[in-house]
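Heads up, the sequence shown is in my numbering, so the first residue is 1173 and it goes up one at a time.
These are calculated hints, taken from the structure and not from any lab test.
Take these hints with a grain of salt, some might be off.
Claimed, not checked - Lysine to any residue pairs mimicking SDA-like chemistry, simulated, CA-CA at most 20 Å apart:
{"no.": "1", "residue 1": "Lys1198", "residue 2": "Gly1180"}
{"no.": "2", "residue 1": "Lys1230", "residue 2": "Leu1217"}
{"no.": "3", "residue 1": "Lys1227", "residue 2": "Leu1217"}
{"no.": "4", "residue 1": "Lys1198", "residue 2": "Leu1217"}
{"no.": "5", "residue 1": "Lys1198", "residue 2": "Leu1214"}
{"no.": "6", "residue 1": "Lys1198", "residue 2": "Val1187"}
{"no.": "7", "residue 1": "Lys1227", "residue 2": "Val1187"}
Given the structure is predicted, the values throughout are model-derived calculations rather than measurements.
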Amino acid sequence: MNRWYIGGFILLVIVSFVGYLFGILKIFPLYLTATFLFFSILIFLSYINYHNQFKGFKK
């Protein structure tokens, strides 16, 4: 199940990057696409960081 989350986040980053390229070409507003790209990368990196977090020793 975790692979599906990572794959979905990578797909979200790719789609938002393509949207950002459309924003550079002035097809979509750049401030919306840049914000969407930023938050998709932020969510992806926070998921990766939380997934590998040390949770302590088990007693």
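Quick rundown of the hints versus the structure:
1. For the suggested pair Lys1198 and Gly1180, the alpha carbons sit about 27 Å apart, so the restraint of at most 20 Å is broken.
2. Straight-line distance between C-alpha atoms of Lys1230 and Leu1217 comes to about 26 Å, which puts the hinted pair past the 20 Å bound.
3. Taken as a hint, the Lys1227 and Leu1217 pair is honoured in the structure, with Cα atoms around 18 Å apart against an allowance of 20 Å.
4. For the suggested pair Lys1198 and Leu1217, the alpha carbons sit about 28 Å apart, so the restraint of at most 20 Å is broken.
5. For the proposed pair Lys1198 and Leu1214, the alpha carbon gap of about 24 Å is over 20 Å, so the pair is violated.
6. For the suggested pair Lys1198 and Val1187, the alpha carbons sit about 17 Å apart, so the restraint of at most 20 Å is met.
7. With a CA separation close to 33 Å, the supplied pair Lys1227 and Val1187 exceeds the 20 Å bound.
In this structure, the hints that do not hold are numbers 1, 2, 4, 5, 7, in rising order.
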